[in-house]
Amino acid sequence: MAKFLNQNKLPLVRILVLSCGIVFSILILSCSFPRIIVLDDPLSPEEHLNLGVTYERNGEFDHALKEYHTASKKLPLAYLYIGNIYFHKNEYKEAEKYYIKAITKDVKNADLYNNLAWLYYKKGENLEEAEGLALKALKMNPEKSDIYQDTLEKIRERKQNKK
Numbered sequence: 003m004a005k006f007l008n009q010n011k012l013p014l015v016r017i018l019v020l021s022c023g024i025v026f027s028i029l030i031l032s033c034s035f036p037r038i039i040v041l042d043d044p045l046s047p048e049e050h051l052n053l054g055v056t057y058e059r060n061g062e063f064d065h066a067l068k069e070y071h072t073a074s075k076k077l078p079l080a081y082l083y084i085g086n087i088y089f090h091k092n093e094y095k096e097a098e099k100y101y102i103k104a105i106t107k108d109v110k111n112a113d114l115y116n117n118l119a120w121l122y123y124k125k126g127e128n129l130e131e132a133e134g135l136a137l138k139a140l141k142m143n144p145e146k147s148d149i150y151q152d153t154l155e156k157i158r159e160r161k162q163n164k165k
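So the mapping is simple: my numbering equals the position in the sequence shown, first residue as 1, plus 2.
Hints are computed from structural coordinates only; laboratory data are not their basis.
One should not assume that every hint holds.
Simulated restraints, written as ranges between beta carbons of each label pair [what the hints assert, rightly or not]: (1) V109 <-> S46: 33 to 43 Å; (2) G61 <-> I24: 34 to 44 Å; (3) E131 <-> E93: 16 to 26 Å; (4) D108 <-> P144: 47 to 57 Å; (5) I24 <-> K107: 54 to 64 Å; (6) K165 <-> G134: 13 to 23 Å.
Ideal placement from N, C-alpha and C gives every residue a C-beta, glycine not left out.
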C-alpha cells in the first residue's frame, strides 16, 4: 500500500477522494430536498377542445370529456361539448347540468338554448320552457333559423299530442 500511496500520487488520490465526497454529498442532498416541478400545458383551450372533438368522433368519449373539462377552465363553450356527450350517452341529468352551466357562462350563444330545448323535448319534460328556449335561440341567431325552427316545431307538436 505504501508503494501505491507514494508522494507523487498522494495529491491525485486526495482529489479523487474529495471529488467522490462532493458527488456523494450532492446526490444525498438532492434526494432530501423536495422538488417542485411546474409544467405548463403546451395546448391552448381551443386545442384541447379540438382534441376532444377528435376523440369524440372516434368514440373515445372518456378521453373527449377529459379534454373538454381541461378546455372548460378557460373556454366556457366546452361546457356545450360536455353536455353533448352526456346527451348522446342518454345521461340527461348531466347533460342538462352542463347546458345550463354553459348558458350561465355565455348568454349570447343561441346553440346553448337550442340544445337545452332539444334535451327537454327528448325527455318530454319542461315543454313550455323548451318552447321559450327555442324561441329565444331563433330570435338570437336568425341565420340558423332552419335548425331552431325545427326544434320549435317538434316541441309544439309534442305539446299538442300531450293535450
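Hint check:
1. V109 <-> S46: 33 to 43 Å: Given a distance of about 24 Å, which is not inside 33 to 43 Å, the answer is violated.
2. G61 <-> I24: 34 to 44 Å: violated (56 Å)
3. E131 <-> E93: 16 to 26 Å: holds (20 Å)
4. D108 <-> P144: 47 to 57 Å: violated (19 Å)
5. I24 <-> K107: 54 to 64 Å: Holds: the Cβ-Cβ distance is about 56 Å, inside 54 to 64 Å.
6. K165 <-> G134: 13 to 23 Å: Check passed, 18 Å falls within 13 to 23 Å.
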